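K.L.:
Below are the chains, spelled out letter by letter.
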Amino acid sequence: MTDLSAGGVPAARPKSSLLTEDARTKKRNAAERRFKNYGLTAVLLGVAALIMLLISILGNGLSAFQQTYVTLQVELPAETLDKEGNRNRDEMAKVSTFGYSPLIGAAMERAVAEAGIETELAADEQGDIISREAAAQLRNFVLANPEVVGETIEFEFLANGRIDGYLKDRVNRESAALDKNVSPAQLDLTDALQEEGILEKRFNWAFLTMPDASGQRPEAAGLGVAIMGSLYMMLIVLGLALPIGVAASIYLEEFAPKNRITDIIEVNISNLAAVPSIVFGILGLAIFINFAGLPQSAPIVGGLVLTLMTLPTIIIATRASLKSVPPSIRDAALGVGASKMQSVFHHVLPLAAPGILTGTIIGLAQALGETAPLLLIGMVAFVREYPSGPPEGFFDPASALPVQIYNWTQRSDPAFVERASGAIIVLLIFLVSMNALAIFLRRRFERRW
Amino acid sequence: MSVFFLLIIVLGLGALGFVLGRSRAMASADGNIRNLHSLPNYYGFNVALTTIIPALGVLAILSLVLPILIDNRVSTLIPAESISEDTTRSLVMSDVRRVADGLDTAIAAGAMTEDEAQTIRTEFTDVRDRLGSVGVALGSNVEPFVLRAAQSYRAQAATAQLWTTFLVIGIAVAGFAVSFLRTNRDYRARNVVENGVLVLLMAAASIAILTTLGIVLSMLFETRNFFQDYRWTDFFFGTTWSPNFRGDSELGIIPLLWGTLYISFIALLVAVPIGLFAAIYLSEYATHRFRSYAKPAIEILAGIPTIVYGLFALITVGPFLRDYFAEPTGLGESASSVMTAGLVMGIMLIPFVSSLSDDIINAVPQAMRDGSLGIGATHSETIRQVVLPAALPGIVGAILLAASRAIGETMIVVLGAGAAARLDLNPFEAMTTVTVKIVSQLTGDTDFSSPETLVAFALGLTLFVITLGLNVFALYIVRKYREQYE
Numbered sequence: 001m002t003d004l005s006a007g008g009v010p011a012a013r014p015k016s017s018l019l020t021e022d023a024r025t026k027k028r029n030a031a032e033r034r035f036k037n038y039g040l041t042a043v044l045l046g047v048a049a050l051i052m053l054l055i056s057i058l059g060n061g062l063s064a065f066q067q068t069y070v071t072l073q074v075e076l077p078a079e080t081l082d083k084e085g086n087r088n089r090d091e092m093a094k095v096s097t098f099g100y101s102p103l104i105g106a107a108m109e110r111a112v113a114e115a116g117i118e119t120e121l122a123a124d125e126q127g128d129i130i131s132r133e134a135a136a137q138l139r140n141f142v143l144a145n146p147e148v149v150g151e152t153i154e155f156e157f158l159a160n161g162r163i164d165g166y167l168k169d170r171v172n173r174e175s176a177a178l179d180k181n182v183s184p185a186q187l188d189l190t191d192a193l194q195e196e197g198i199l200e201k202r203f204n205w206a207f208l209t210m211p212d213a214s215g216q217r218p219e220a221a222g223l224g225v226a227i228m229g230s231l232y233m234m235l236i237v238l239g240l241a242l243p244i245g246v247a248a249s250i251y252l253e254e255f256a257p258k259n260r261i262t263d264i265i266e267v268n269i270s271n272l273a274a275v276p277s278i279v280f281g282i283l284g285l286a287i288f289i290n291f292a293g294l295p296q297s298a299p300i301v302g303g304l305v306l307t308l309m310t311l312p313t314i315i316i317a318t319r320a321s322l323k324s325v326p327p328s329i330r331d332a333a334l335g336v337g338a339s340k341m342q343s344v345f346h347h348v349l350p351l352a353a354p355g356i357l358t359g360t361i362i363g364l365a366q367a368l369g370e371t372a373p374l375l376l377i378g379m380v381a382f383v384r385e386y387p388s389g390p391p392e393g394f395f396d397p398a399s400a401l402p403v404q405i406y407n408w409t410q411r412s413d414p415a416f417v418e419r420a421s422g423a424i425i426v427l428l429i430f431l432v433s434m435n436a437l438a439i440f441l442r443r444r445f446e447r448r449w
Numbered sequence: 001m002s003v004f005f006l007l008i009i010v011l012g013l014g015a016l017g018f019v020l021g022r023s024r025a026m027a028s029a030d031g032n033i034r035n036l037h038s039l040p041n042y043y044g045f046n047v048a049l050t051t052i053i054p055a056l057g058v059l060a061i062l063s064l065v066l067p068i069l070i071d072n073r074v075s076t077l078i079p080a081e082s083i084s085e086d087t088t089r090s091l092v093m094s095d096v097r098r099v100a101d102g103l104d105t106a107i108a109a110g111a112m113t114e115d116e117a118q119t120i121r122t123e124f125t126d127v128r129d130r131l132g133s134v135g136v137a138l139g140s141n142v143e144p145f146v147l148r149a150a151q152s153y154r155a156q157a158a159t160a161q162l163w164t165t166f167l168v169i170g171i172a173v174a175g176f177a178v179s180f181l182r183t184n185r186d187y188r189a190r191n192v193v194e195n196g197v198l199v200l201l202m203a204a205a206s207i208a209i210l211t212t213l214g215i216v217l218s219m220l221f222e223t224r225n226f227f228q229d230y231r232w233t234d235f236f237f238g239t240t241w242s243p244n245f246r247g248d249s250e251l252g253i254i255p256l257l258w259g260t261l262y263i264s265f266i267a268l269l270v271a272v273p274i275g276l277f278a279a280i281y282l283s284e285y286a287t288h289r290f291r292s293y294a295k296p297a298i299e300i301l302a303g304i305p306t307i308v309y310g311l312f313a314l315i316t317v318g319p320f321l322r323d324y325f326a327e328p329t330g331l332g333e334s335a336s337s338v339m340t341a342g343l344v345m346g347i348m349l350i351p352f353v354s355s356l357s358d359d360i361i362n363a364v365p366q367a368m369r370d371g372s373l374g375i376g377a378t379h380s381e382t383i384r385q386v387v388l389p390a391a392l393p394g395i396v397g398a399i400l401l402a403a404s405r406a407i408g409e410t411m412i413v414v415l416g417a418g419a420a421a422r423l424d425l426n427p428f429e430a431m432t433t434v435t436v437k438i439v440s441q442l443t444g445d446t447d448f449s450s451p452e453t454l455v456a457f458a459l460g461l462t463l464f465v466i467t468l469g470l471n472v473f474a475l476y477i478v479r480k481y482r483e484q485y486e
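Going down the list, the protein sequences come from chains A and B.
For the first sequence, my numbering begins at 1 and goes up steadily by one.
For the second sequence, my numbering begins at 1 and goes up steadily by one.
For the record, the hints were derived by calculation from the structure and aren't laboratory data.
All of these numbers come straight from a predicted model, not from anything done at the bench.
Heads up, some of the hints might be wrong.
As the list claims (entries may be wrong) - Label pairs and their computed distance ranges (CB to CB):
(1) B:E116 x A:T71: 51 to 57 Å
(2) B:E116 x A:L62: 43 to 49 Å
(3) B:R224 x A:D169: 54 to 60 Å
(4) A:I55 x B:F325: 18 to 24 Å
(5) B:S94 x A:L208: 53 to 59 Å
(6) A:I264 x B:G303: 47 to 53 Å
(7) B:I61 x A:I316: 42 to 48 Å
(8) A:V95 x B:R148: 42 to 48 Å
(9) B:N362 x A:P350: 28 to 34 Å
(10) B:D30 x A:I316: 48 to 54 Å
(11) A:E266 x B:N426: 43 to 49 Å
(12) B:S2 x A:K83: 52 to 58 Å
(13) B:R73 x A:G215: 43 to 49 Å
What the hints assert, rightly or not - Below, in silico cross-link-like pairs of lysine-lysine (BS3-like), each with a Cα-Cα straight-line distance of 27 Å or less:
(14) A:K83 x A:K94
(15) A:K258 x A:K323
(16) B:K295 x A:K323
(17) A:K258 x B:K480
(18) B:K480 x A:K323
(19) B:K480 x A:K36
(20) A:K201 x A:K180
Here a beta-carbon is modelled for each residue, glycine too, at the ideal position from N, C-alpha and C.
Full structure from sequences and hints, please.
P.N.:
Below, the structure written as structure tokens:
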């Protein structure tokens, strides 16, 4: 089949040029552009999801860091608060919060009258502007400072959650008209009090330090116990997971013979990393609480469960950084007469330390945000008392940051949504600073050979 | 607290051992380090470790074994006829323990003497009243046999504690003495210490195995208890889930599995295209600068705790889907739905899919791309027809891993999916998952003899087996793929 045997001139090919695109090239180029745009869209969708998530949390939660306070002059008559007149704390403690509520009501009424605000509200309705927690606050203050009895003191009360919501645009007059907890007239009074400077909104330190409060008192709910509980658990995780994880990695990376048992251990570790976190909660419930008899809701149990969860992360990171230390370091150490153990502990481990530390911090950050296993070991309980100092405090009931968030989402008052989002901001700040520390350590100390 | 003191005593002995062992070695070498077999610190460590490690090991074993032993011996004191139909031996034992704790509290508060606590009889004193006065609340009146069992419990616990103390301190002192006397200039302290450390390292590595064993055994044990009360065929093939704490529950896993798989499917429907295309764009098209911003931004999504996603589903995505999709189309009026949970979980999985796929796409040899581009294929044709087929096994592995994550995910579904077990196709309807039910059956007051509580362990085991199977399968595929190019 040569040109000759074909005979004649070959059929003229359609005229084409590299400079003008034919239909097929156009189609292919269009497909190319489309494909590229799909990719770009996917990336942008991912970033958009992140931005929406952050906006949603910040938008709902930032206002939790502001709180409305009412400053009143409260008279503390000695005849009702300290009948014996000897300022004995135990005797004064017999006066319950019911003894203090009328004092606050009276103070509120006086403040309204002095400021010359006209309102048709009855005295107790005026008093409802102040939180139900106020009487307990005042009582605690008086018991801590018995010398103020008999004087008139200036005291800052938390405003009711609905009033707080009004100042944060969560409650308005239409919704107040339908709400049995607050009336539009009270909102008018709030406006008037705010003009007089009696009622004001400012930064809310109590959110970070106070314990949780009951479902009717969102304004008094804080993260104090939860932060303590999380801190204790992180201490336990750090104290157990770091040494165990490093020891296990050293064995597997430097000493373990290549045999079946080592293989089983390695497969085990990689599988443990992928076990759903809730399964670790079941383990904690069955082994640590039911079998070993450790107390429920205690940071020690949470810490142990999170340790088991974090171990694979730390082991994987540690092994990677041990692996990245070049063999020449080991050879040099062995060459000058160090034992295998000495070469590892004196030379390899210090060089791998930055990587180990980074991995540990990332593992801790993961553990800090973990919720599901803690639900199963009873950390959802309502805890108002701060745990005592370590080590006894490890066995006291406590809450944890993520569980506190979950707890608040389960309550009916919408003010708790704000609290939960605020708590997430606190949690995210912790996580961001831990990750930033990890990145800093990596940039600062990591060596590449 | 006495365990704590024991710990301090043993550690103190160890520290003392370090100092004495080191100085004895130095003395035996006439103060010249060159006469020693090992460095002086090794002699110190040798004494310290032989003092501490066996003692602590015995302490750990005793504090695990003794309570079980005491429980068994005390429970023989409970007459068989007192265990009626509505109580079990373990419930009576928890009563016994509570009374024993109450007696301890009463002694600590000074309301009772040690002697009195061991001799009071319910026949003569109202024990409940006496304990109540020091703040120990007991639910019902104390039965005579419970009090006697509690007193025997306390007596045995005290004996056990005494023996533990003696044994542990004895072993510590013995270890100290033996290793201290052995210390001299020719003793191979370094070899001994290094062997000891190696054993410790091995023990640390085996904790991973112990954890897995603990998970499997604890769930198997309780699951067996569950299947004694409840037929396994009803559990695996039942289509109704309606737990009822008064009994007669229907505990079929099918509706829970359906909810789990449906939500995971929607999550993968969101995560796989977005994650895959993002990985393709970032590894094949993006400029270095764009990549250095976009890749960390997407990976931040992986570091956000799941409770945050859960709240996002609850307060933002759920109401949005309800108001703009479900209610106008008449498909449902619940904010928590399969769609809500699936969508948010999809967002959570995007970085998971994208970073795994990114690694896999980057592992495809450049020569394959060059070859394809060289014969005139466009960039997208190269990706679709050369890179993706080569990376396919790895990508499938990544998707399987993502699916296993989706199935085991808890907080998003707890807050976003609802609690009603349903077999339904409508994605805007609230459904529930295996993990949600594990949480709801195991939180609050739980009674570990009722099938309604024990079913959580069976659910957990099912979940464990499914996710483990997916992981093993995924790793198998990924490993098989790796062998082709390396």
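K.L.:
With 48 to 54 Å as the target window, see if B:D30 and A:I316 comply at their CB atoms.
P.N.:
holds (50 Å)
K.L.:
Is it true that the C-beta distance of B:S94 to A:L208 lies inside 53 to 59 Å, as the hint says?
P.N.:
violated (39 Å)
K.L.:
Can the suggested window of 43 to 49 Å be confirmed for the beta-carbon pair B:R73 and A:G215?
P.N.:
Distance hint for B:R73, A:G215 holds at roughly 46 Å.
K.L.:
Return holds or violated for the Cβ distance of B:I61 and A:I316 against the range 42 to 48 Å.
P.N.:
Since B:I61 and A:I316 have Cβ atoms about 31 Å apart, the given range 42 to 48 Å is violated.
K.L.:
Within a Cα-Cα threshold of 27 Å, do A:K258 and B:K480 meet the stated pairing?
P.N.:
holds (21 Å)
K.L.:
Do the alpha carbons of B:K480 and A:K323 lie within 27 Å of each other, as the hint requires?
P.N.:
At roughly 23 Å apart (the allowed maximum being 27 Å), A:K323 and B:K480 satisfy the hint.
K.L.:
Would you check the hint for A:K83 and A:K94, treating anything up to 27 Å between C-alpha atoms as holding?
P.N.:
holds (10 Å)
K.L.:
A range of 54 to 60 Å was offered for this pair. Does it hold for the Cβ distance of B:R224 and A:D169?
P.N.:
holds (57 Å)
K.L.:
Going straight from one Cα to the other, do A:K258 and A:K323 come out at no more than 27 Å?
P.N.:
holds (16 Å)
K.L.:
For B:E116 and A:L62, compare the CB-CB distance with the range 43 to 49 Å and indicate the outcome.
P.N.:
violated (60 Å)
K.L.:
Range hint 52 to 58 Å: satisfied by the CB atoms of B:S2 and A:K83?
P.N.:
violated (45 Å)
K.L.:
What's the verdict on B:K295 and A:K323, does the C-alpha distance respect the 27 Å limit or exceed it?
P.N.:
OK: B:K295 and A:K323 at ~26 Å, within 27 Å.
Violated hints, in rising order: 2, 5, 6, 7, 12, 19; the structure is consistent with all others.
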